[in-house]
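Following the hints, complete the assembly by docking chains B, C and D onto the known chain A.
Chain residues, written in single-letter form:
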Amino acid sequence: MIRKTVDNVQDALKGVKDGMTLMLGGFGLCGIPENAISELVRLQVSGLYCISNNAGVDDFGLGLLLQNKQIKKMISSYVGENDEFERQMLSGELEVELTPQGTLAEKCRAAQAGFPAFYTPAGYGTEVAEGKETREFNGKMYVLEKAFEADFSFVKAWKGDEAGNLIFKGTARNFNPCMCGAAKITVAEVEELVPAGSLDPNEIHVPGIFVQRIFQGEKYEKRIEQRTVRPRN
Amino acid sequence: MIRKTVDNVQDALKGVKDGMTLMLGGFGLCGIPENAISELVRLQVSGLYCISNNAGVDDFGLGLLLQNKQIKKMISSYVGENDEFERQMLSGELEVELTPQGTLAEKCRAAQAGFPAFYTPAGYGTEVAEGKETREFNGKMYVLEKAFEADFSFVKAWKGDEAGNLIFKGTARNFNPCMCGAAKITVAEVEELVPAGSLDPNEIHVPGIFVQRIFQGEKYEKRIEQRTVRPRN
Amino acid sequence: MLDKNGIAKRIAKEVKDGYYVNLGIGIPTLVANYVRNDISVEFQSENGVLGMGPFPFEGQEDADIINAGKQTITTLPGASFFDSATSFAMIRGRHVDLTILGAMEVAENGDIANWKIPGKMVKGMGGAMDLVASAENIIVAMMHTNRAGKSKLLKKCTLPLTGVGCVKKIVTNLAVLEVTNEGFKLLERAPGVTVEVIKRATEGRLIVDREVPEMNI
Amino acid sequence: MLDKNGIAKRIAKEVKDGYYVNLGIGIPTLVANYVRNDISVEFQSENGVLGMGPFPFEGQEDADIINAGKQTITTLPGASFFDSATSFAMIRGRHVDLTILGAMEVAENGDIANWKIPGKMVKGMGGAMDLVASAENIIVAMMHTNRAGKSKLLKKCTLPLTGVGCVKKIVTNLAVLEVTNEGFKLLERAPGVTVEVIKRATEGRLIVDREVPEMNI
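Protein chains in written order, with numbering that gives the first Met the number 0: chain A, 0 to 232; chain B, 0 to 232; chain C, 0 to 216; chain D, 0 to 216.
None of these hints come from the bench; they were simulated from the model. A few of these clues could be false.
[Stated by the list, open to error] Here are the computed lysine to aspartate or glutamate pairs in the DMTMM-like style, where the Cα-Cα straight-line distance is at most 20 angstroms:
| hint | chain 1 | residue 1 | chain 2 | residue 2 |
| --- | --- | --- | --- | --- |
| 1 | B | Lys16 | B | Glu148 |
| 2 | A | Lys158 | C | Asp61 |
| 3 | B | Lys71 | B | Asp57 |
| 4 | D | Lys149 | D | Glu195 |
| 5 | B | Lys183 | C | Asp61 |
| 6 | D | Lys149 | D | Glu202 |
| 7 | C | Lys119 | A | Glu92 |
| 8 | B | Lys68 | B | Glu96 |
| 9 | D | Lys154 | D | Glu195 |
| 10 | A | Lys158 | A | Asp82 |
| 11 | B | Lys218 | D | Asp61 |
| 12 | B | Lys158 | A | Asp199 |
| 13 | A | Lys218 | A | Glu190 |
| 14 | A | Lys71 | A | Asp150 |
| 15 | B | Lys158 | D | Asp61 |
| 16 | D | Lys122 | B | Glu80 |
| 17 | B | Lys72 | B | Glu94 |
| 18 | D | Lys115 | B | Glu38 |
| 19 | A | Lys72 | A | Asp82 |
| 20 | B | Lys13 | B | Glu38 |
| 21 | B | Lys168 | A | Glu38 |
| 22 | D | Lys122 | B | Glu38 |
| 23 | A | Lys145 | A | Glu126 |
| 24 | A | Lys131 | B | Glu129 |
| 25 | C | Lys122 | A | Glu202 |
| 26 | D | Lys154 | D | Asp208 |
| 27 | B | Lys158 | A | Glu202 |
| 28 | B | Lys16 | B | Glu94 |
| 29 | C | Lys119 | A | Glu126 |
| 30 | C | Lys115 | A | Glu220 |
| 31 | D | Lys115 | B | Glu85 |
| 32 | D | Lys119 | B | Glu94 |
| 33 | C | Lys115 | A | Glu202 |
[Stated by the list, open to error] Pair ranges (Cβ atoms, derived):
| hint | chain 1 | residue 1 | chain 2 | residue 2 | range |
| --- | --- | --- | --- | --- | --- |
| 34 | D | Thr179 | B | Glu202 | 47 to 53 angstroms |
| 35 | A | Ser197 | D | Gln59 | 20 to 26 angstroms |
| 36 | D | Asp16 | C | Ile116 | 39 to 45 angstroms |
| 37 | D | Pro53 | A | Gly138 | 22 to 28 angstroms |
| 38 | B | Asp58 | D | Val194 | 29 to 35 angstroms |
| 39 | B | Asp57 | D | Pro53 | 27 to 33 angstroms |
| 40 | A | Lys218 | B | Glu202 | 58 to 64 angstroms |
Every value quoted in this text rests on a predicted model; they were computed, and no experiment measured them. We put the CB at the ideal spot given by N, CA and C, even for glycine.
Chain A with its partners taken away, still in its complex shape (with noise of 0.2 angstroms):
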């Protein structure tokens, strides 16, 4: 067994470095790393390229770097909860280069895999597809897109072991899983850090390969945007 265990999120982030570009998983707030976001504003690195699905909201998740003005660009398929994001963004301070999530997705898996680079037919035809490739393949239209290069991946999982292996948690999972593997080092953080040998080897979501670094988070805020409810009667 590989041990990829590190004692605390200092030694999980070392190496990162102003000007890198950093995946970072999570949906809205839902499943991200919070422990590496709080040590990358503790770290005060800036002129970082982040990929991720959303740019949190003013005071969680990536807003925190926002507001510290850390982010050069941000690259995602939906932004904008946060009023930082958008006077930055009007201001031009900040760059933004909005893809569709599913290419989103699939430039992280992509990454991941070894592909260069793959078809989609997401975003044929609208500005997204400008100074792209298009290709016809059974009478349908596709848009070649590139594979994402990286330095470092930042995903949270609910479980972790030693190995690196890791188990996620309901909608949690979400970019996680694609992003491991996907940069030259992957860093995880876990609700619960637990010995190899205590998972079940076939209920593993990513296996340790695609993971360089594991840590337990010292805290989880797991903050909820909309809490939506319904009545009890």
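Same frame as chain A, but now just chains B, C and D:
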């Protein structure tokens, strides 16, 4: 919940006709759809195009269809653990298209996921790439491979529920998940069929949306091809 | 004339037994409330869940179980969770049978614009471009005209496109229309709405080739 | 001169702490027996398992747990099972650190042929083409010459290729060689084997640019 259960293997294979293209899960004799294969033998359908990593042994797995001369063409990565296979191939009765194993898996996954084609490095500069488009990305050469098109996909899982959700065991998983939803109709056979709600939604390997029909197999022989053991001492 | 719930109610009739359905934000979300009880339908949300149920009871919200609108949800028996790549495999691979989404504009050739207004803050397309480029069966739910009273059913979209030639059916507060090679074919009128009213509210080519029945909702 | 186990033993020294390793059938399989106990290594098998352990005790074989050679196996703590697409994502995506496989021929430019002999029954390439096209670190384990005594280290492969320019290192019964831009660079001699013997057994360009040490195994 959309119910996918059919009563038996006969109902599960309704619509299978001569000359169709079938995908069959399994690696060697591990995780093969034993009951579907038996029914294919009983149905005497012929001229079949079979996409399967291997071709069984003389008296088990796809070897049963070969004995019966029901297969016109095999699309596989490794064959010939099987005398009848060799005889038919050398005599020209059987066509064989050999495909690198990772390419075979991805041609299934591409069909499942709506990708018409993908670039892979496997086979570049070899006879596998002959007549295929090649292309350079970042200084490395790739071959363009197309998604499979198949009529039926026969897969075997360990547990499944009425909604078609599947869970696999050990290395009997192999090609089965990639083949789900990769053909017009996916038929899953399982060792244990349970009511919807019995499986943890976090632990499902293949969501039921990729499966059209599911049934509990009557009997599983699960033959071992290479029984290897070590002495107790 | 229908209100938003009326539109949702009419669209719910398009949802057939055995359908996997992806609902967009806004009016489409309301459709789930009106689907018949005697048919089996599963709702997919692109953030990674199939078999969505109703909102949770107060106190039972789970931050780890949300829909694409970031709302807390529950799941029904037979549900499954999966990652984003698998979710879009379902969508791109045409395993989802019906996609219902809102639009700012639809053109008579089936083009749709629903993600960007130049000069305004752009939030992004989310999964909409994947959905419209892939689904075989797309229904648009929207008001027939915008707040300024201008038609949203056009000869040609004026806003940046989300997808080309993909919309099959449109249900508005005034009518049900099918996108055909010849233009918008009027299938049904909303209760109390005349063909004349629909004609005036439709900028794109409108085809009225028979007696147009009133909706039955 | 080494026997098969000797070759495996020498290759085992190339396996470093923290490596994920894919072993081909034949001599490569034997390598697992000689890897040092004080380093951490995980073996991947392309049929969908990481963290392979030894063969099971008699009576504990499980038909559902096999390796790529279709042999019954066990798993070690930290193991995982996965599907074939994920398995080749590990391989193609260069997450596997070292690939060890057999060959019929290797050319001085790193080309390898190991899957097909024209005129003979062809069993197929299995995962070999994916492995050689993807791995950054490929070691070939083979006899220096074939049964007819002809060299397997050639100027140019005569058999259909498995991959081009991909082999980095070769360990044979006679020597350890590195594939360089100039040809096969002789790194080590097998115990008791002279440079002259290796020269005679090597058809491709052999580079002997220094005193060549005897292997230490």
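Verification of the hints:
A hinted pair counts as satisfied when its Cα atoms are at most 20 angstroms apart, and Lys16 (chain B) with Glu148 (chain B) qualifies at roughly 16 angstroms. Only pairs whose Cα atoms come within 20 angstroms are accepted, and Lys158 (chain A) paired with Asp61 (chain C) is accepted, the gap being roughly 17 angstroms. A threshold of 20 angstroms between alpha carbons decides the hint, and for Lys71 (chain B) with Asp57 (chain B) the separation of about 17 angstroms falls inside it, so the pair holds. For a cut-off of 20 angstroms, the pair hint linking Lys149 (chain D) to Glu195 (chain D) stands: about 16 angstroms separates their Cα positions.
A C-alpha spacing of about 36 angstroms is found between Lys183 (chain B) and Asp61 (chain C), which places the hinted pair above 20 angstroms, so the restraint is violated. Between Lys149 (chain D) and Glu202 (chain D) the alpha-carbon distance is near 8 angstroms, which keeps this suggested pair within the 20 angstroms criterion. Note on Lys119 (chain C) and Glu92 (chain A): the hinted pairing holds, with a Cα-Cα distance of about 17 angstroms set against a maximum of 20 angstroms. About 17 angstroms separates the Cα atoms of Lys68 (chain B) and Glu96 (chain B), which keeps this hinted pair within 20 angstroms; it holds.
For the hint linking Lys154 (chain D) to Glu195 (chain D), the alpha-carbon distance of about 18 angstroms falls within 20 angstroms, and the restraint holds. With a C-alpha separation of about 33 angstroms, the suggested pair Lys158 (chain A) and Asp82 (chain A) falls outside the 20 angstroms cut-off, and the hint is violated. At roughly 17 angstroms between alpha-carbon atoms, Lys218 (chain B) and Asp61 (chain D) fall within 20 angstroms of each other, so this suggested pair holds. Between Lys158 (chain B) and Asp199 (chain A), the direct Cα distance comes to roughly 15 angstroms. Compliance with the 20 angstroms bound is thereby established for this hinted pair.
Between Lys218 (chain A) and Glu190 (chain A) the alpha-carbon distance is near 8 angstroms, which keeps this suggested pair within the 20 angstroms criterion. Using a Cα cut-off of 20 angstroms, the hinted pair Lys71 (chain A) and Asp150 (chain A) holds, with the two alpha carbons roughly 15 angstroms apart. Taken as a hint, the Lys158 (chain B) and Asp61 (chain D) pair is honoured in the structure, with Cα atoms around 17 angstroms apart against an allowance of 20 angstroms. Between Lys122 (chain D) and Glu80 (chain B) the CA atoms are separated by roughly 8 angstroms; this keeps the pair inside 20 angstroms, and the hint holds.
Restraint check for Lys72 (chain B) and Glu94 (chain B): the C-alpha separation of about 4 angstroms stays at or below 20 angstroms, so the hint holds. For the hint linking Lys115 (chain D) to Glu38 (chain B), the alpha-carbon distance of about 34 angstroms lies beyond 20 angstroms, and the restraint is violated. Straight-line distance between C-alpha atoms of Lys72 (chain A) and Asp82 (chain A) comes to about 16 angstroms, which keeps the hinted pair within the 20 angstroms bound. As the CA atoms of Lys13 (chain B) and Glu38 (chain B) are separated by approximately 10 angstroms, the hinted pair is consistent with the 20 angstroms bound.
With a C-alpha separation of about 39 angstroms, the suggested pairing of Lys168 (chain B) with Glu38 (chain A) is violated against the 20 angstroms cut-off. Using a Cα cut-off of 20 angstroms, the hinted pair Lys122 (chain D) and Glu38 (chain B) is violated, with the two alpha carbons roughly 27 angstroms apart. Straight-line distance between C-alpha atoms of Lys145 (chain A) and Glu126 (chain A) comes to about 16 angstroms, which keeps the hinted pair within the 20 angstroms bound. Restraint check for Lys131 (chain A) and Glu129 (chain B): the C-alpha separation of about 27 angstroms exceeds 20 angstroms, so the hint is violated.
For the hint linking Lys122 (chain C) to Glu202 (chain A), the alpha-carbon distance of about 36 angstroms lies beyond 20 angstroms, and the restraint is violated. A threshold of 20 angstroms between alpha carbons decides the hint, and for Lys154 (chain D) with Asp208 (chain D) the separation of about 19 angstroms falls inside it, so the pair holds. Taking the CA atoms of Lys158 (chain B) and Glu202 (chain A), the gap is near 13 angstroms; set against the 20 angstroms cutoff, the hint holds. Between the alpha carbons of Lys16 (chain B) and Glu94 (chain B) the distance comes to roughly 19 angstroms, so the proposed pair stays at or under 20 angstroms and holds.
For the hint linking Lys119 (chain C) to Glu126 (chain A), the alpha-carbon distance of about 16 angstroms falls within 20 angstroms, and the restraint holds. Our distance criterion of 20 angstroms between C-alpha atoms is broken by Lys115 (chain C) and Glu220 (chain A), whose separation comes to about 33 angstroms. Restraint check for Lys115 (chain D) and Glu85 (chain B): the C-alpha separation of about 14 angstroms stays at or below 20 angstroms, so the hint holds. The suggested pairing of Lys119 (chain D) with Glu94 (chain B) holds, with an alpha-carbon distance near 16 angstroms, which does not exceed 20 angstroms.
In summary, the hint linking Lys115 (chain C) to Glu202 (chain A) is not supported, as the alpha carbons are separated by about 41 angstroms, beyond the 20 angstroms threshold. Distance hint check for Thr179 (chain D) and Glu202 (chain B): the Cβ-Cβ separation is about 50 angstroms, which falls inside the suggested range of 47 to 53 angstroms. The beta-carbon spacing between Ser197 (chain A) and Gln59 (chain D), approximately 21 angstroms, falls within the hinted interval of 20 to 26 angstroms. Distance hint check for Asp16 (chain D) and Ile116 (chain C): the Cβ-Cβ separation is about 57 angstroms, which falls outside the suggested range of 39 to 45 angstroms.
Checking the proposed 22 to 28 angstroms range against Pro53 (chain D) and Gly138 (chain A) shows it is violated: the Cβ atoms sit about 53 angstroms from each other. Range check, Asp58 (chain B) to Val194 (chain D): about 53 angstroms between beta-carbon atoms, so the 29 to 35 angstroms window is missed. Checked against the hint of 27 to 33 angstroms, the pair Asp57 (chain B) and Pro53 (chain D) passes, with Cβ atoms roughly 30 angstroms apart. For the pair Lys218 (chain A) and Glu202 (chain B), the beta carbons lie near 27 angstroms from each other, so the given range of 58 to 64 angstroms is not met.
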